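Asker: For this one, chain A is given, so just place chain B on it according to the hints.
What follows is the residue order along each chain.
Protein chains: 2
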Amino acid sequence: MHYQHDHLENDPHYKGLIVNEGVSDVPTINPYRKPKRKRKHLSVEEYVQGILNQELSVLSQAVTLVESALPEHQKIAQQVIEKCLPYSGNSMRIGITGVPGAGKSTFIEALGMYLIHEGRKLAVLAIDPSSERTKGSILGDKTRMEELSVAKNAFIRPSPSAGSLGGVARKTRESIILCEAAGFDTIFVETVGVGQSETAVHSMVDFFLLIQLAGTGDELQGIKRGIMEMADGIAVNKCDGNNIEKSKLARRQFKNALHLFPLGKSGWSPDVVTCSAIEKNGISDVWEMITRFESFVKENGYFELHRNQQSKYWMYESINESLKADFYHNEDIIQLLRQLEDQVLHKEISSFMAAKKAVDTFRLL
Amino acid sequence: MHYQHDHLENDPHYKGLIVNEGVSDVPTINPYRKPKRKRKHLSVEEYVQGILNQELSVLSQAVTLVESALPEHQKIAQQVIEKCLPYSGNSMRIGITGVPGAGKSTFIEALGMYLIHEGRKLAVLAIDPSSERTKGSILGDKTRMEELSVAKNAFIRPSPSAGSLGGVARKTRESIILCEAAGFDTIFVETVGVGQSETAVHSMVDFFLLIQLAGTGDELQGIKRGIMEMADGIAVNKCDGNNIEKSKLARRQFKNALHLFPLGKSGWSPDVVTCSAIEKNGISDVWEMITRFESFVKENGYFELHRNQQSKYWMYESINESLKADFYHNEDIIQLLRQLEDQVLHKEISSFMAAKKAVDTFRLL
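Chains as they are written, first to last, in the numbering used here: chain A, 26 to 390; chain B, 26 to 390.
In short, the hints are calculated from the structure, not lab data.
None of the values given here were measured: they were computed from a predicted structure.
Do not rely on the hints blindly, as some may be mistaken.
Because identical chains share one entry, a pair is satisfied inside a single copy or across any pair of copies.
[As the list claims (entries may be wrong)] Straight-line distance between alpha carbons at most 20 Å, and here's what the computed EDC-like set of lysine to aspartate or glutamate pairs gives:
id	residue 1	residue 2
1	Lys100	Asp367
2	Lys271	Glu304
3	Lys290	Glu172
4	Lys349	Asp385
Looking at chain A on its own, in the form it has when it is part of the complex:
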């Protein structure tokens, strides 16, 4: 596994390659620390070959490159992605969300280890625009995935460092391509069920799993409205000890609630299962639900259709992001918008007239 870059040299997959780690190197002042060996830059070809040879150290460095903000890194990263693209796509991509406290890390550890034992290769990525790697984000506390973080066929990466949601999501989506080219057949994309990240994750995964808890009141307040309707399946976690009856009741309640929603375009009727990640109960039921979904949508053609829609979505999303960036990063526009917002709130000008003024100004710049 490749949890942190410092572990590279101890990694069994490390094949003596000396690679540049990009921007995430943290300067060290520890005098007792073994001096780092000077790292050579890999060429685009070397990255691609390393990834296709399933060398995890190279994959790890390529992901670091994808996450780098430096233009020269981005240039290489984009070329690597283009060359990996034909080898990508051959995986089941699963989005996993749930409020903090739902036991997501333990769940991922349990389902992840189950899949590794089933012979699958698992990459765990994350989207959390608010996280900073140093602060320990969702996946930052590796003690919570003790087994998975040292498992052979697992690759775990925390969320890319803080940035705009669009930027962070884009990096995660690009990393999926690299992981797939490196032979990973199962991708988890984790996020916290409290923000906009879910929409971004939803637009890059095949199956969207919501981890819930028993209880219908305050426990659910943290989940953002709309997320439940995105779910292809719900796992009611912590179905153990005193909680078993409550969890089974919750399962029925969620099933009834989902029943009130119309089917999504996939034609799939979302299912609800109970499990206990900590006792490793019901984990196979979760996976059975996901594989049942997979067969269903591959059969009816939705799987392919959805992936194509996602590709187009990301193209248009990126275009719109770029167009907006040109406008909203302009210093004159930033100042003008501040004034216009104020005028709109005081009803001195309509929203539409304000917009017209801003865009007209921009065109003359």
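Answerer: What follows is chain B alone, placed relative to chain A:
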């Protein structure tokens, strides 16, 4: 009332003004038809004065101007809106949605007449980007609102003619401002619960009402996912005859389902009531729910906050629309995008590289 422009001359509110009706005039070839009187253009001042004097014929013409695609009409319309803006805002804006068959027209007729008798002034607008006025859109079949369409304090307008959702929604939002300046204290914005229009409506109303029917299966399939979570309240309609028990059960089911969702930012817990629009039962309960909501959000400050957010939303929405229009209406870009989409779908190029190519090309144009 002002249902169709042809009725202007028969309208009790018509005060001899001869106004230009804009682009919606349909040429007639009926030789028996009385020739139309030549209409004089109103000035911006005349429009504004007429609206503030609550002359419905002037309001009607101003709305037609807002809906016109002609630049010279738009120029006048925008000035009229700016001048009406300080007199707007003093109303309760209610979005109403539900699948075809839920009985929306009958419901609007019943609730509308109830409000008229309560001394309120009601404007009914609509958003349906797919409609064309001549084809008879949601509000096109006026026989479905027999009483309301001839009531004194009611103003009914069908959805603006077909166009982009953004365009149609913008026109409806602008019309709300004019209606409020003309003294209407209650605004209904109707839409069909099957498309994206709900999000647009949601962003211009204070209360979002979903009309549902008893039954948890096929009847609901037509409602788009996500709409239920937008609702501030649900009215289970057609609670009459054999359907009473089923409707009461449906009410409990919806209440339980809504209970599983977290509260929205308003802090309001969405309520569910039953009614029969056709038998005029429970209509006051619906209105009681809406006024209870109104007090609640005016008390906690959400009403004002939400309106301010909506104003800002429309400003940024309009800016983004304009920026996109410049790009996507460009002939070279249209051609290029067709090629790029194809390459993306065949995995010859990543979504991000495709986006970069398109934007780079646009910058050089």
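Asker: Each hint should be assessed against the structure and marked as holding or not.
Answerer: Results for each hint:
Neither within a single protomer nor between protomers do lysine 100 and aspartate 367 lie at most 20 Å apart by alpha-carbon distance, with minima of 40 Å and 23 Å respectively. With identical chains, the CA atoms of lysine 271 and glutamate 304 are at most 20 Å apart within one copy only, with a shortest distance of 17 Å there and 42 Å across copies. For a Cα distance limit of 20 Å, the shortest separation of lysine 290 from glutamate 172 qualifies neither inside one copy, at 37 Å, nor across copies, at 40 Å. In this homomeric assembly, lysine 349 and aspartate 385 come within 20 Å of each other (Cα to Cα) both inside a single copy, at 15 Å, and across copies, at 14 Å.
Of the hints listed earlier, those the structure fails to meet are numbers 1, 3, in rising order.
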